[in-house]
Amino acid sequence: MIKLKTQINDMAFSFETGRLAKQSNGAILASLGETSVLVTAVTSGKTREGIDYLPLMVDYKEMFYGSGRIPGNYFRREIGRPSEKETLTSRFIDRPLRPRFPDGYAYDTQIIATVLSLDVEVNPDVVAITAASAALCISDIPFDGPIAGVRVGRAEGKFVVNPTKTQLSNSDLNIIVAGTRSAIVMVEGWAAALSEQEVLDAIFFGHESLTPLLDLQDELIEKAGKPKMTIPEPDS
Numbered sequence: 007m008i009k010l011k012t013q014i015n016d017m018a019f020s021f022e023t024g025r026l027a028k029q030s031n032g033a034i035l036a037s038l039g040e041t042s043v044l045v046t047a048v049t050s051g052k053t054r055e056g057i058d059y060l061p062l063m064v065d066y067k068e069m070f071y072g073s074g075r076i077p078g079n080y081f082r083r084e085i086g087r088p089s090e091k092e093t094l095t096s097r098f099i100d101r102p103l104r105p106r107f108p109d110g111y112a113y114d115t116q117i118i119a120t121v122l123s124l125d126v127e128v129n130p131d132v133v134a135i136t137a138a139s140a141a142l143c144i145s146d147i148p149f150d151g152p153i154a155g156v157r158v159g160r161a162e163g164k165f166v167v168n169p170t171k172t173q174l175s176n177s178d179l180n181i182i183v184a185g186t187r188s189a190i191v192m193v194e195g196w197a198a199a200l201s202e203q204e205v206l207d208a209i210f211f212g213h214e215s216l217t218p219l220l221d222l223q224d225e226l227i228e229k230a231g232k233p234k235m236t237i238p239e240p241d242s
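What the sequence shown shows, in the working numbering, is residues 7 to 242, in sequence order.
Keep in mind that the hints are not guaranteed to be accurate.
[Stated by the list, open to error] Each pair of labels, with its calculated beta carbon distance range:
no.	residue 1	residue 2	range
1	SER201	GLN173	17 to 25 Å
2	LYS229	GLU90	31 to 39 Å
3	THR12	PHE210	18 to 26 Å
4	ARG187	ALA161	23 to 31 Å
5	ALA189	ASP58	21 to 29 Å
6	GLU162	ARG54	25 to 33 Å
7	ASP178	THR236	48 to 56 Å
8	MET63	ALA189	21 to 29 Å
9	ASP65	LYS171	35 to 43 Å
10	GLN203	GLN173	16 to 24 Å
11	ASP178	ILE227	35 to 43 Å
12	MET17	ASP178	28 to 36 Å
13	ASP58	THR12	38 to 46 Å
Calculated from the structure, these hints are not laboratory results. Ideal placement from N, C-alpha and C gives every residue a C-beta, glycine not left out.
Given the sequences, and given the hints that come with them, work out the whole structure.
Printed below as a string of structure tokens:
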């Protein structure tokens, strides 16, 4: 088992691999504070014929037991369709990852993010984005990573990376930024009557804040990364 740590907004952020979901191509347990998300990446290993798109499925699920609750249905089981939040978070994870797969890669691929424990002050969505990248990076699935994601808020006039829910409730902006070292690949969120420059400053602040998460993934790749599989050359 390998476990690596860094600090984000005075909270411990960690990656763990080698203990859970060993049969997947890549698996990461990522934790920020008391919030933990398990992300697994699995591929079929063979090309699906007759398609011209990437058959990637991303599924994000917040389990009731993660927040100490019991499902309210008759069977007390985790059943039912995904909530709106789960569907949107699945899209947040998919959006920055999908362009990072190589041309010609047409293998059925699943990325499953499961919230195992939930700190009421910590949003798990950005943890899942970064963990999904890490799971792909250490797997044998071809992927041009790493990427990372953070949320930017503003407290007492200063930008805050991955603000707590208390800080976010008083913030005049809420922006998710995902990117690589050299580029921003996704921006999602809202701001309340801010100038264009203030919004740009928030986005660039978020991009700069990705560095420790990218560094941690690079270290993880060195220690746990698998050789990438070879895929057929795309038709010219």
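Right, here's what the structure says about each hint:
no., hint, result
1, SER201 <-> GLN173: 17 to 25 Å, "holds (21 Å)"
2, LYS229 <-> GLU90: 31 to 39 Å, "holds (38 Å)"
3, THR12 <-> PHE210: 18 to 26 Å, "holds (21 Å)"
4, ARG187 <-> ALA161: 23 to 31 Å, "holds (27 Å)"
5, ALA189 <-> ASP58: 21 to 29 Å, "holds (25 Å)"
6, GLU162 <-> ARG54: 25 to 33 Å, "violated (52 Å)"
7, ASP178 <-> THR236: 48 to 56 Å, "holds (49 Å)"
8, MET63 <-> ALA189: 21 to 29 Å, "holds (25 Å)"
9, ASP65 <-> LYS171: 35 to 43 Å, "violated (24 Å)"
10, GLN203 <-> GLN173: 16 to 24 Å, "holds (22 Å)"
11, ASP178 <-> ILE227: 35 to 43 Å, "holds (37 Å)"
12, MET17 <-> ASP178: 28 to 36 Å, "violated (22 Å)"
13, ASP58 <-> THR12: 38 to 46 Å, "holds (39 Å)"
Checked against the numbered hints given earlier, the structure breaks hints 6, 9 and 12 and satisfies all the rest.
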